[in-house]
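Residue numbers (my numbering), protein chains in the order written: chain U, 11 to 289; chain R, 11 to 289.
Remember, identical chains collapse to one label, so a pair may be satisfied in a single copy or spanning two.
In silico lysine to aspartate or glutamate, EDC-like type, Cα no more than 16 Å apart, as pairs: (1) 280 <-> 209; (2) 261 <-> 272; (3) 276 <-> 207; (4) 268 <-> 242; (5) 43 <-> 64; (6) 261 <-> 207; (7) 286 <-> 217; (8) 107 <-> 242; (9) 268 <-> 250; (10) 208 <-> 254; (11) 268 <-> 246; (12) 69 <-> 94; (13) 165 <-> 71; (14) 286 <-> 211; (15) 117 <-> 152; (16) 286 <-> 131; (17) 172 <-> 217; (18) 276 <-> 235; (19) 36 <-> 71.
Hints in this document: simulated from the structure, not taken from any laboratory.
Number of protein chains: 2
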Amino acid sequence: MVITIIGVGLIGGSMAITLKENGFAKHIIGVDKNPENLDKAIRRRLIDEDLSLEEGIAKADIVILSTPVDTLKILLPKVLDLVENQIVLDVGSTKTKLLEHIKSHPKRGNFVATHPMAGTEYSGPEAAIPNLFDNRCTVICDVEDSNEKAIEKVKALYESMKMSIVYLDAKSHDIHTAYVSHISHISSFALALTVLEKEKDENRIFELASGGFGSTVRLAKSSPEMWVPIFEQNRDNVMDVLDEHINTLAKFRSLLIKKDFDGFAKLIRKANTISKIID
Amino acid sequence: MVITIIGVGLIGGSMAITLKENGFAKHIIGVDKNPENLDKAIRRRLIDEDLSLEEGIAKADIVILSTPVDTLKILLPKVLDLVENQIVLDVGSTKTKLLEHIKSHPKRGNFVATHPMAGTEYSGPEAAIPNLFDNRCTVICDVEDSNEKAIEKVKALYESMKMSIVYLDAKSHDIHTAYVSHISHISSFALALTVLEKEKDENRIFELASGGFGSTVRLAKSSPEMWVPIFEQNRDNVMDVLDEHINTLAKFRSLLIKKDFDGFAKLIRKANTISKIID
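Based on the provided sequences and hints, a complete structural model is requested.
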């Protein structure tokens, strides 16, 4: 299987490592508008060769689009214009806008909309790591709009990566991800800003910050190039979740004002039930 | 050195492991109002023996108080009533109220107010782990109110644990910890509640949650028994930080409403600077 990865960053690069290692891909071609990324990807041996978009697609059995979601919207129709029998999949974090955009493309059936639920706060080919996807899940969206052969190949690809598959329509996907991923990032960005604003003495933060702070602000290192387009495309859902999150914080605030610490304990006990769900 | 640990939970138990392992303590005595905790602590070999409060203090060179901060306020005066030459230290997360409370105790000089900046979201003796404190920092508060011999012993104790020491007055300590620790917990509790409220289908959260969500809600597993007394004692500082945090989230909200994604990117870039401070 020849796989062409367009956008060799954290996700594209990590898929390259995994798919080569497990033997699913015989040959991996990298395409990236940034020559520096390609250079790094070659030196890190993430890809076997780098080619232009046209050549990369022509030589591929499967084309993976792993760019930020704004680029994805521009790139996907172009890629579909170029394919014959190739299977195309994206790995973007938002789906509704993208799928509306290519709804009536004659090659729509060759395309499978996927979202592997894995990542780190780092980006670029230097951030690519093995085992990123182990035992995680991939969402396949609007599966009925892809042809059967395409679905089978994409399922085989993700199963080779030790991932399980969940099927959702694009709208549900975008609502769920607003809750389980997008709001975590905004919360983390805001927390970092709150502390940076107050603690002008950065050494003090560094000295005092215990593990707890580190884990809640970890995502605040995430790149605006990746995340702003996600918030833009999923704006309405993110607004809803953000409103609910601010309301929840306001509940804690109101309990503090009233010195209602029994109520505070009750809310914490309810929050504790998250441990049944998250390791 | 004989060390008596009152409250053999996550922090007390982890200190017991570290101080025995590094040879600073020859003998470790556990005191706990909960017989189950003592039983677990004995079976896990965290402590060498368990004794009553009075016996434990009488036999000790150093007494460590590692209970929730509400218990601390009741217990510390009682412990100071019982000491002769013993050094006493606490490891609580709030300091102003506690230190006001024992300000004029005749044995105030024997006491050193400390806060080792380390922890996990778990509690109880079963949560005690080695290396919890490695390369972390300990705050010593209002150092001028402790006598020199007490300070020297407590410094030696923390240095044996590979910890560095920072000196702060109690008020500054409580402000800083509101920023670098307490708000992280409220943010995490609120995030867990926001998601639990929406995602009635817990399996869906479990399937979809990627690493990012896990790390931002990790602290939401923290126990109300430990945390509510902290929020109670540090209420005014926590209120200030919570207000600022809600305001920061409101800034993101307003940028979303106005579709000002350049402004959004700017805020994210500012938040990214946290990576200079936190690994």
